[in-house]
Every structure is written in C-alpha cells, then in structure tokens.
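K.L.:
Residue strings, one per chain:
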Amino acid sequence: MAASTTSAPRSGSARSRTLARNEAINAYLFIAPYLIIAGIFTLGLLTYAFYISFTDLKSSLSRTSNFVGLTNYINAFRNAEFQISLINVFWYFVIVTTLQTIGAILVAMLLNSKLKGLRFYRTMFYAPSVASSAVISMIFLWLYLRTGWINYLFHTNIAWLQDARGLFQILLAPLGIEVTGTFAKGPSITWMALMFMNIFTTIPSLMVIFLAALQDIPAYVYEAAEIDGSTGAHAFFNITLPLLRPVITLVIVLGTIGTFQVFDQAFIMTQGGPLKTTYTPVLLIYNKTLGQATSADASLAAAMAFILAAIIFIFTIIQRRYIESSSERF
Amino acid sequence: MAVSAERRPVVLAEPQRTPREMTGIIIRYALITLLAILVFMPFILSFLGTFKTNPEVTAYPPTFLPTEWHFENWVNTWSVQISGAGNNVFARWFFNSFWLALLNMVTELFFCSLAAYAFARMRFPGKDLIFAFIIASMAIPGAVTLIPGYVFYARLGWVNTYLPLIVPKLVVPFGLFMLSQFFKSIPKELEEAAYMDGASRFRTYWNVAIPLSRPALITLAIIQFQGSWNDFMGPLLYLRDPKLLTLTVGLNFFKTQYAVEWNKILVGSMFNAIPILILFFLFNKYYMEGASYSGLAGQ
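Residue numbers (the working numbering), protein chains in the order written: chain S, 55 to 384; chain W, 7 to 305.
If you're looking for bench data, these hints aren't it; they were derived computationally from the structure.
A hint or two may mislead.
[As the list claims (entries may be wrong)] Straight-line C-alpha distance at most 35 Å; calculated DSBU-like pairs for lysine-lysine:
(1) Lys330/S with Lys112/S
(2) Lys249/W with Lys133/W
(3) Lys291/W with Lys190/W
(4) Lys170/S with Lys291/W
(5) Lys194/W with Lys291/W
(6) Lys133/W with Lys168/S
(7) Lys133/W with Lys112/S
(8) Lys133/W with Lys194/W
(9) Lys249/W with Lys330/S
(10) Lys249/W with Lys190/W
(11) Lys249/W with Lys168/S
(12) Lys168/S with Lys239/S
(13) Lys112/S with Lys239/S
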C-alpha cells in the first residue's frame, strides 16, 4: 500500500469501479430469482388479468376472445348480484373493522397493567387466531346449529345460518315500519353471525399489535398528565388514543383490506345464502370464474376484481389521509 | 427495529398495596381469566365433541363432557374412506398439507433472504426503485390476483397440479421486506471481516449473515408455514382431484359429502388446528415478533 503512493489514486479508482461492477453483478444474481418469479407471477399475471377484463372471455377454458373495451366494467356495475355483494361487504367492513378495533384496544388496555403472569395470558389470547379459517368455520357451523351451543347459551331458537331477516328490518318491525330494499334492510342475522365469528378470532391477534404500542408509551407521560390532573377516561382520550393513532390507522387499514376480501367463511358456511345476504364480491368473482357453462364469465369476474381492488385502494387512502391529518390537532 | 411484544412494564419497587388496589387487581385477574376461557371455549367444546357419538354431538341440550368417551372417532376419521379419493383420506390430506407447507417455507426463506441480503448490504443501480416496486406489490389485494390468475394457470395447464401453489410462492414480498429490515439491523463488521478474508458474497451471506439472522428466519418460517398450512382459497381454486387436496379444502369436501357426521368433521378440524397450535405454543415468542413485524409492514 505505502510503496505505490504515486499511482494509487488512478488505479484505485479503476479498481473500485471494477469492484462496484462486480458487486452490482453479484447483487443482480442475488435478486434474479425473486425478480423473475415476481415478474411473471405478480406483474405478468396482473397484466394478463387486466387484459382479460377488456375481452369477452367467458369460460376460463375457451381459446378465443375479442376485445370489447369497457363493456365488462359497465356490466359489472349494472350486475344485480355485484351490487348486492358490495352492499353486504360494506356492512361487513363497517361493523367488523369498528368492533374489532375497539375490542382489541379494550383488551389491550386490560392486559397492559402491572400484573404477574401476563405473558401467559397474552399467549392464551393469541392462540385462537392461529387456527385456519376452515377450522374456525367448521367449529362455528357446529356451534351455530339449531341445537348448538350458541342457541343454548343465549336461550334462543334461531336458525343462525338460515335467517335472512335484516337488522333494521327487525328493529323497525315493532314500530310497524316495513323495510324493503337490500341496503335499507341492513345486514342479515346470518351475516351478523359470521361477523361475530370473525371479530371473535381477530380481536386477540390485533390486541397484540395494540399491546406492543401501549407498552412503548413511557410511564412519565402519564405521570406528567397526572400532575396536570388528567387521569382515567380523560387521560385515555387525550393521551393514550392520540399516541395510538398510527397503530389505529394501521389496524383499520389492515382490517379494511381483509374485510373487503372476505371469502372463506362465506364459501364454507353459507355459500352466499340465505337469499344472497352473505354473498360477497370475492365469492361472486369465484363463481363467475369457475362457474359452470352459462354462468361462467371470466372477463366480467376480472373486471369485478379490479373494481374491488380500486374500492379497497380508495378506502385505505381516505383512511390514511383522514386519520393522519386529524392527528395534527394534537 | 421490531417492536417487542415481550417488553414488560418496568416495576422498580413493589409498593405496599392498599385494600382498594388489591380489589382492583383481583377484579382484573378475574376479568382476564374469564376472557381467556371465553376465547378458548369454541376449541374446548369442539375438542370434547370429537369424543361423542354423532347423536350426542348434535343433541339438545348440548352436553359438556361426553357421556361415553369414543376415542375410536379419531382413528376412524384418520382412516376415512371416500370413493374416488381412496382410503385414509384424512391421513393423505394431512400429508399433502404438511409437505406443501414445508416446501413453501423452505423455498421462500431461501429466495427471500437471498434477495433481501442484496437489498440490505449491496450497492447496485436501480436498487431503490426495484425495492419500492416490491413494497408496492405488498398492497395488491390477494383475492384480486388470485382468481383472475386462475385463467392464467388454466392456460399454462397447471390446474389440478400443485404448481400454482408452489411456483408463485417461491417468493413473498413480506418475507423480503422483513428480512432486509433485519439484515440492516445486524452489525456489518462480521460480514466485512469474512469478505476481507476472501469469502465470496454468497459465502458471506450463507456463512455469516444467515446464522446471525436465526430469530428473523424462524419468525418468517413460522408465518409462512402457517400461511400455507391454513390456506383455503389457493388449494380450492387449483386442486380438483380429491386425492390431491390439502387438509383445509379436504375438510370442506368431507363436510359437503358427510354433512351429518359432526363428530368426524370436528376430529378433522382438530387434525388441522392441533399441529398449528403446538407450533404456536412452542414458538410463541417468535409469533409475537411476527405480529409486530406485520405492524411495521403496514406503516
């Protein structure tokens, strides 16, 4: 090193250029498998699906298709089943995201105290959320039987998974008001039964996220607030909630993405019934893609999939904007 | 770095508790215990249900403990025979789920860590742009690509094979994101020492970075194994032959054919739930890490 001081800068920069080139080649080799797979099966597939949505492809097996422009997108919005499924999923999104977020915060608050053995409880609470949607659906199908545990515990005799009566329909009936229309009737008993099941399993796992955030709030924040006379509910609404805001945004955004794509439970437990009150957009897209003979319309299904993606995207953008900008008040 | 869910509130000195505080603590414990029992109830009830006869499992009022313990339900379900699917269908589905989850897990760990290492440690043109694209791809709703993707795989002739469940899952954006974050967090010095000693980039990655990343790799392995083991929509879309099914869709197939045999359906559910619950209790520390990582990914 010391001997070749005169020529060092020149050859050094040439050497480092070769090194940089070698490094780049190496790096591209490292990421090549990822890029090839993601390029074909994410980007390629997405492009192909997008292309299909502009054709008249009916069955996924047919070989020929023509370009039809925006026809599928227009037909999708006119499709009665798609409208129903969007209304259903809207209720599911509103009710499930709200209740699971509030529920998870409450349980996290309960667990975030100086009690011994909390690790054990945390483990117990998280456990149910590792079970598959198929298993949860099977277990609740059984619990929701006419002769099942749910009816037994609540002293009811409701056919939970066959009751199409809507929430508002039931609430307004005693007042002599008869509600008609898919939206006005509100979510059906069956749909709410599925919502309850979903909330039951998501609260514990979301709770873990809140708990981590709560434990990151330093104790001195509360101590300072206490000196200023802020405790209990006041401290919760003015200190805890604002500090949790980024996590709340996250949980709501994740909840939105998840609820809008609900499929497994509806497929296993109700197949969209009764009277299509649990029919979801993804279930409809599934049926249109794989459906038999005349009911199959793969290109329409692709258009519906992109509309659904756009809806999810818009909702999450609004949520981020709204929740994040309102935090500036603090 | 990862927000640790394990962190405990710091208690410096145990102050003398007043009777009022004690009542508060007792009430809290009672509430938490009650909640924990409630959360576990569906599993306890259905586990007990697996030992009942079929009339008893659907009887009203329901019984808590089986009047007679029919342990043979488990054996009978394991070896259920379905025409067209052959003997021991549940055993077969269990095995299918298992090797598929294991394969998905191993391939994803390898390819994601390889790419993640490059993003975390190496310099190359276009790095930030490519990384931004990969992060953006995490935002694509899964169901949106999955179903129109059916047409794509039908064209390739991959329907009724495991290929659509293996090849696209060789890589997962979340895995790359998580591992690159982790690689960035470990000190560079060790790798630099190995690199200076003449080890190739690959050897440095394989012999130094990978062993140092065990916690992150285990976390990701669990997430991936569970995702694959629990997956319903993928196998439902692509597997037709009852012999090829995984446990989740197999269970649903069994339910549609034998809707009245609730004790067997519950046993089948246990075949799916118990392995993942065991995994959870063994590795629950890593699960909590994973939950906080998925938190980071969304931000």
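K.L.:
Hint by hint, say whether it matches the structure.
P.N.:
Here's how the hints hold up against the structure:
Between the alpha carbons of lysine 330/S and lysine 112/S the distance comes to roughly 23 Å, so the proposed pair stays at or under 35 Å and holds. With a C-alpha separation of about 44 Å, the suggested pairing of lysine 249/W with lysine 133/W is violated against the 35 Å cut-off. With a CA separation close to 21 Å, the supplied pair lysine 291/W and lysine 190/W stays within the 35 Å bound. Distance hint between lysine 170/S and lysine 291/W is fulfilled; the C-alpha atoms sit about 18 Å from each other, no more than 35 Å.
Only pairs whose Cα atoms come within 35 Å are accepted, and lysine 194/W paired with lysine 291/W is accepted, the gap being roughly 26 Å. Only pairs whose Cα atoms come within 35 Å are accepted, and lysine 133/W paired with lysine 168/S is rejected, the gap being roughly 45 Å. Proposed proximity of lysine 133/W and lysine 112/S is contradicted: the alpha carbons are some 41 Å apart, above 35 Å. Note on lysine 133/W and lysine 194/W: the hinted pairing holds, with a Cα-Cα distance of about 19 Å set against a maximum of 35 Å.
Between lysine 249/W and lysine 330/S, the direct Cα distance comes to roughly 32 Å. Compliance with the 35 Å bound is thereby established for this hinted pair. Note on lysine 249/W and lysine 190/W: the hinted pairing is violated, with a Cα-Cα distance of about 44 Å set against a maximum of 35 Å. This hinted pair does not check out: lysine 249/W and lysine 168/S have alpha carbons roughly 52 Å apart, beyond 35 Å. This hinted pair does not check out: lysine 168/S and lysine 239/S have alpha carbons roughly 46 Å apart, beyond 35 Å.
For the hint pairing lysine 112/S with lysine 239/S, the CA-to-CA distance comes to about 33 Å; that is within 35 Å, so the pair holds.
Taken one by one, the earlier hints fail for this structure at numbers 2, 6, 7, 10, 11, 12, listed in ascending order.
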